[in-house]
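S.K.: These protein sequences, in sequence, are chains A and B. The first sequence: position 36 = 36 (this note's numbering), numbered continuously. The second sequence: position 14 = 14 (this note's numbering), numbered continuously.
If you're looking for bench data, these hints aren't it; they were derived computationally from the structure. Since the structure is predicted, the reported quantities are computational estimates derived from the model, not experimental observations. Hints should not be assumed to be uniformly reliable.
[What the hints assert, rightly or not] Only pairs whose alpha carbons sit at most 30 Å apart, straight line, appear in this in silico DSBU-like list of lysine-lysine:
(1) Lys-21(B) - Lys-34(B)
(2) Lys-192(B) - Lys-67(A)
(3) Lys-33(A) - Lys-18(A)
(4) Lys-59(B) - Lys-191(A)
(5) Lys-21(A) - Lys-59(B)
(6) Lys-59(A) - Lys-193(B)
(7) Lys-34(A) - Lys-67(A)
(8) Lys-161(A) - Lys-203(A)
(9) Lys-18(B) - Lys-34(B)
(10) Lys-67(A) - Lys-193(B)
(11) Lys-181(B) - Lys-191(B)
(12) Lys-192(B) - Lys-33(A)
(13) Lys-191(A) - Lys-203(A)
(14) Lys-21(B) - Lys-59(A)
(15) Lys-67(A) - Lys-191(B)
(16) Lys-67(B) - Lys-20(A)
(17) Lys-67(A) - Lys-21(B)
(18) Lys-21(B) - Lys-33(B)
(19) Lys-59(A) - Lys-191(B)
(20) Lys-67(A) - Lys-59(B)
(21) Lys-192(A) - Lys-59(B)
(22) Lys-67(B) - Lys-67(A)
(23) Lys-21(A) - Lys-67(B)
(24) Lys-67(B) - Lys-192(B)
(25) Lys-67(B) - Lys-191(A)
There are 2 protein chains.
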Amino acid sequence: MQLRMTSQRELILRELKKSKKHLTADELYERVKKLMPRISLATVYRNLELLSDVELIRKLEVSGRQKRFDSELEDHDHIYCVQCHCIENLNIGNNTVSLAAGHMKGYTITGRRLEVTGICPRCQRKQIKKDGKHSKGGGTVGCAKKGVLSDEQKEVLVAMKNCDEPCASKDIAAATGLETKQVSCRITALKKKGYVESPVRCKYAITNDGITALNA
Amino acid sequence: MQLRMTSQRELILRELKKSKKHLTADELYERVKKLMPRISLATVYRNLELLSDVELIRKLEVSGRQKRFDSELEDHDHIYCVQCHCIENLNIGNNTVSLAAGHMKGYTITGRRLEVTGICPRCQRKQIKKDGKHSKGGGTVGCAKKGVLSDEQKEVLVAMKNCDEPCASKDIAAATGLETKQVSCRITALKKKGYVESPVRCKYAITNDGITALNA
DNA sequence: TACTAGATGATAACCATTCGCAAGTCAAGC
DNA sequence: GCTTGACTTGCGAATGGTTATCATCTAGTA
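Please model the entire structure based on the sequences and the hints provided.
M.R.: Okay, here's the thing in structure tokens:
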């Protein structure tokens, strides 16, 4: 099997090299599409795979769900920001440690990957600015994108908005005609999204985020 | 938010601890299901996530598409076999190197992950035994499970089986009544799966694997 | 120049994971 | 003891990244 240097392939390679970052397949797809609108996402995936097979580029299997690709071929490690999910290069010598240890188990070593995780300076600054929110790390892991409101949830949220002060789920049930069980379940979901808070035990109120989300 | 130790949760934790390996969510699900048949896969996922939030277990985001979970909490690294995809623990001290380098970039370090890749002793032995097959590493990445045969591919494969000696795609086309273009395309796919080989350029024959696959 | 390996675009399939919902269970307060 | 609401569960549908399939195109090679 032998590779042809097609125009698509060339473009993909060039764009990856041009961007010094570690792009995901579809970030690269977005860029390439601007220059070659009819290119298919499948072609991008295929070529990234192929190009890394022949070692013209390097596939990084790092944290997160998406693979990333790198045009830099020399061995280097990565540092990964757990908040913004950006990845930077890191240069550390001292590779011999791991190789020796590996050999002790009878393995033939083919490579090694060091990934340091942390919070990048940018995110640290952001954190200091608005440090009211207690982000437990858990909860919405990974992309902390706010879920969309379902109609059922909206119903509860609207009722809650109409209350002047924190109300019990029982009150919401009365207002909406729903069963309290359903209400309580939906409140839980809304709380997780940050649209509802509980200032007093068993009393709930809509948050500012919740109001924004309703209007959106 | 406070966790209850439900029977499901307990079982999941116990089974993970029992197996010394690094299980994926659904490997664990298979085990747990034997003891609690009505448990849901979602429950397993949920609990693994929750348990790792409270640090009763540890989530490993290692190579491959699936996450793995580990009941061992101390810091340790991993060695990963690129052929059988098994993972073993590895103990290397010397963590300070990476941390220092990370700090230089202004990061607040939260963790680090070293993954050595290689071929495990078991796979090395296997390799020596039957070393006729050139497995380029590429091709079917990850799970190297053979694709299922489509009806179209079967058609071509059957025709090929009926030939005593390697035949050209033209011959297959004649035998099946298909266009040679289609045939050639399917042959390519079959070759990639290892069901067809090309002993001579432009001549194809069904492989033993191919025959097995047909009968299956 | 004919033939075919290799590439492409479109789209369907895949697979691990997550979400939404309704129903269940447990602990605390009345 | 009964009620209430927080926390769980099972089910099933949705999501999202990635891969496979197929027909068609294109470019090397005999």
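S.K.: Determine for every hint whether it applies to the structure shown.
M.R.: Hints versus structure:
1. Lys-21(B) - Lys-34(B): holds, 18 Å
2. Lys-192(B) - Lys-67(A): holds, 23 Å
3. Lys-33(A) - Lys-18(A): Given that 30 Å is the threshold and the Cα spacing comes to 15 Å, the pair holds.
4. Lys-59(B) - Lys-191(A): holds, 25 Å
5. Lys-21(A) - Lys-59(B): Between Lys-21(A) and Lys-59(B) the Cα gap is close to 27 Å, so the pair holds against 30 Å.
6. Lys-59(A) - Lys-193(B): With a Cα-Cα distance of about 23 Å, the restraint between Lys-59(A) and Lys-193(B) holds, given a limit of 30 Å.
7. Lys-34(A) - Lys-67(A): holds, 22 Å
8. Lys-161(A) - Lys-203(A): Holds, because 13 Å separates the two Cα atoms, which is no more than 30 Å.
9. Lys-18(B) - Lys-34(B): holds, 14 Å
10. Lys-67(A) - Lys-193(B): holds, 24 Å
11. Lys-181(B) - Lys-191(B): holds, 15 Å
12. Lys-192(B) - Lys-33(A): Roughly 29 Å separates the two Cα atoms, so the pair holds.
13. Lys-191(A) - Lys-203(A): Satisfied, since the Cα-Cα distance of roughly 12 Å is no more than 30 Å.
14. Lys-21(B) - Lys-59(A): holds, 26 Å
15. Lys-67(A) - Lys-191(B): holds, 27 Å
16. Lys-67(B) - Lys-20(A): holds, 28 Å
17. Lys-67(A) - Lys-21(B): holds, 25 Å
18. Lys-21(B) - Lys-33(B): holds, 18 Å
19. Lys-59(A) - Lys-191(B): holds, 25 Å
20. Lys-67(A) - Lys-59(B): holds, 18 Å
21. Lys-192(A) - Lys-59(B): Cα-Cα ~22 Å, so holds.
22. Lys-67(B) - Lys-67(A): With a Cα-Cα distance of about 14 Å, the restraint between Lys-67(B) and Lys-67(A) holds, given a limit of 30 Å.
23. Lys-21(A) - Lys-67(B): Within the cut-off at roughly 25 Å; holds.
24. Lys-67(B) - Lys-192(B): holds, 28 Å
25. Lys-67(B) - Lys-191(A): Roughly 28 Å separates the two Cα atoms, so the pair holds.
When held up to the earlier numbered hints, the structure conflicts with none and fits them all.
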